[in-house]
Amino acid sequence: MNGESIHDNRTAHLLLQFIENNSFIYIEMEDLILLTINLVIIIPLLAAALVPFLHKKNSKIHIGWFIFLIPLTLFILLLRYIPRIANGETLAYTVEWIPTYHINFTAYLDGLSLIFALLITGIGALVTIYSIYYLSSKENLIHFYTYLLLFMGAMLGVVFSDNMMVLYVFWELTSISSFLLIAFWYHRKQSRDGAQKSLLITVTGGIAMLVGFIMLYYMSGTMSVRGVISAVLSFQENPLFIPAMCLILLGAFTKSAQFPFHIWLPTAMEAPTPVSAYLHSATMVKAGIYLVARFTPVFGGEDTWFWLVTSVGLITLFWGSFTAVRQTDLKALLAYSTVSQLGMIMSMFGISSLALNSGFRAESVLFSQAAFAALFHLVNHSTFKGALFMVVGIVDHELGTRDIRRLGGLATLMPITFTIAIVGAFSMAGLPPFNGFLSKEMFFTAVLNAGNAGLSSAIPVVAWVASIFTFVYSMIFVFKTFLGTYKEEKLEHPAHEAPYGMLFSPIVLGSLVVLIFIFPNGLGENLLSPALAGIFPSLAAGENLGVHIALWHGFNTELMMTIGVVLGGILLYMTIRYWKNIYRLFPEHWSFNTLYGNILEQLEVVSRKITDFYMTGYLRDYMVYIYLFFILAVGGMVVFTQSYELEIAENAPISEFEWVVAIVMIIAALSILFAKSRLSAILLNSVLGYGVAIFFVLFRAPDLALTQTVVETVTTVLFLVAYYFLPEWKKEDTRSRSDKVNLAVSIGVGVIFTIIALAVQNGKLFSSISSYFENSYELAGGKNIVNTILSDFRAFDTMLEVVVLLIAGIGVYTLIKVKARKGDTTLEDE
Amino acid sequence: METLLTILTGILVAVATYLILSRNVQKVVLGTAILSHAAHLLIMTMGKGLKSGSVPILGEGPAYVDPLPQALILTSIVISFAVTALLLVIAYRTFQETGTDNLYEWRDINDE
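These protein sequences, in sequence, are chains A and B.
Residue 1357 in our numbering sits at position 707 of the first sequence, and the numbers go up by one each step.
Residue 220 in our numbering sits at position 85 of the second sequence, and the numbers go up by one each step.
Everything labelled a hint here was simulated from the structure, so no lab data went into it.
Keep in mind that the hints are not guaranteed to be accurate.
Computed from the model, here is a short list of chain A residues facing chain B with C-beta under 10 Å [stated by the list, open to error]:
hint, residue
1, T1266
2, A1312
3, Q1358
4, L1368
Glycine residues also receive a C-beta, built at the ideal position from the N, C-alpha and C atoms.
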């Protein structure tokens, strides 16, 4: 922790210099070295953009060879950091992105991110070699490698980003590139379905995580993960703390295929095998694990965190291993096995969080060992699971099937593949002399510690039972595939050993499985211990964490448990045909996949129903919605504020003549409703119009009276012309239910309109500005005030009103004159 | 006077609403015409003192009625006339093309 180098503020300045001089000369060498962490993220993304160009010029060489150089270079580049990281140094480098919102592209390199980055680039390089032999050049390789590089860059971004928003951006980019890769063979329906499912589930979790990040930002005031960790004590009591935790965990659980969000992983096996090996066993599914590890210092002190992470991890561990046994497809078996192993890693991180829990201070060092075991198993899992997927890919590629029921007796025909399969599967089962043995022992230590701490004795029991199932499916994987009788008639191609190029990557991974078993401390001291320091910054005594690492063997309960696992596993494996019926208790249509499918289907059905319910397509219905809103919102406001009042004292007196006109108009208006013929309705409408004109006369408005009379006459003529062309009114059923609604709505609208109008009249707050217009002669040279307003004071209105009239005229003309020719309608239909 | 006119306006609005909710396009157009009558009367009523002055032409008296609402209504009359005319022609053309003036039947016409 001594050599932390942060160069936040100088970055913008340096970039500016770079742009101005277009040269690296002005950037100091130290900055250049630091910048490489950012470059590690950027290089694969840039390369992804260049892949299409690469292809056209070098069509003779498989383009995978060019791609291979990128992860290899990055891997070597990152290896060089190991000594510095092992010394406890961390590196950070910032490039400003949106400084206003504290969003900066900060790359932070510590032990934890280095482990993940080495896995991503190392296995990335191996997977690339494997894919060169796996995918023929007839496939769309440009797409494949573009997506793969996009994924690689995004994944490196996830593990290196210190800024939560940037982390989220890369997080979603991994979801998207994974979506693209799963649907690589997009002409197959299962591929598309699998891609859709994985996208829906991981993006849902991703959005939840984004909300959690925003809550963290709100509480802590910083976007930086390191900033949040150092400020955590100041906002631990905030009511948003637990919601933020749950939302971030939701993101982690969906990404890492934890129960019950694990369903996307088995269907994602429709992807090409190199993708399954890379994304869905070694890297992307561990993004959630990374997130949990990264945020342990923030949330680890809470009981909720421990219980959520541990219990979900254990349930996933058990359910994954239990379900894996029933699979007949090798890839599906490995998918459930991945789910199970991820659950195991997750539960170990859950247990390790007790180290930060105030209730368990005394044993904190003990519990922190669980995180060490988790990281150790994470590396181990990546090695053996990558190898196993590649083995399945070889079997599938060479024999044309990966169905266990059609395979068998391949051991002598494919000896190298068989050896790798044994190494991988035995490591997965937790047997010596493979690295899985070590991490399984440490896992047992962790769960025993948790059990001894008086939390729950169920924890070690579940872990132990799940390990037995793990043993069983590992044995199924090896022995059903490679031993037994060889069934050539069921295979598409006769069995033979794969080409060495294809075997290279699994051999490397298999050797690593053995090498890590022999030299676990090399990995432990150089990578895992510094990572532990990152997870538990508050446990300052780094040496304390280191002491326990050497203790990796001895006769103890853990060994007894392993022996028990082996014995129990052998027993179960031998008797599998007798107890396999237990799976019939969980029929296919009870699965979470069916639940997911039903939810998706019901969502569509229900939303369609809702839309169909209110989007009827009838003008009348939409008008009713609008009027109802008017009645409820405006009328409700009037009632709520009690603003209705009636004041008639200041009213102008009403003469008899005015009474007559008003009553005639009321009668005319009401009789329109009962008019049998439309001629009488049109004439009654003109009675209203002329009534309005008479009122204009009475209210000293000669211009209005004139216009109203003329317009009313023309309108009546227009209606009469339309009367000539349009059909007679059909009688509407006035007793129907919708008609009563119409009546109620109309009365409601009229009443509320009247109430508001009356209320407004009594609320004259200030005098009119109209006295200004009485200067019309001095200002505009006219004596008719209304006309000067229209043509001088407010002439703009008049101009646009003329435009309205013009447009209406053009509209009328075109509607009548221009008609679609016969050819036009058919053109539109196409 | 103002109260009487306001109640008259409210009745006009109710009648117009009822017509607009009907299923015959001619009635809907008629409803909009009546609605604009109501609006014009309302603007008039809302002005300063309905009869407390003379015609707004200079030299007619010491005090004038509010000229501003009159100018507004004049503009509005012309616009509502234009809209009514356009609506009528649209109704006429649609009837020509579809053979019905019933809005419920228009809904079922597949014009896509």
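Interface hint outcome for T1266 (chain A) [beta carbon to chain B under 10 Å]: 8 Å, holds
Restraint check, 10 Å cut-off on beta carbons, for L1368 (chain A) near chain B: 6 Å, holds
Hint check, Q1358 (chain A) versus chain B [nearest Cβ-Cβ separation less than 10 Å]: It holds, given that the least Cβ distance between Q1358 (chain A) and chain B is near 6 Å, below 10 Å.
Hint check: 10 Å Cβ-Cβ cutoff, A1312 (chain A) to chain B: With Cβ-Cβ at 5 Å, under 10 Å, it holds.
The earlier numbered hints are all upheld by this structure, with none contradicted.
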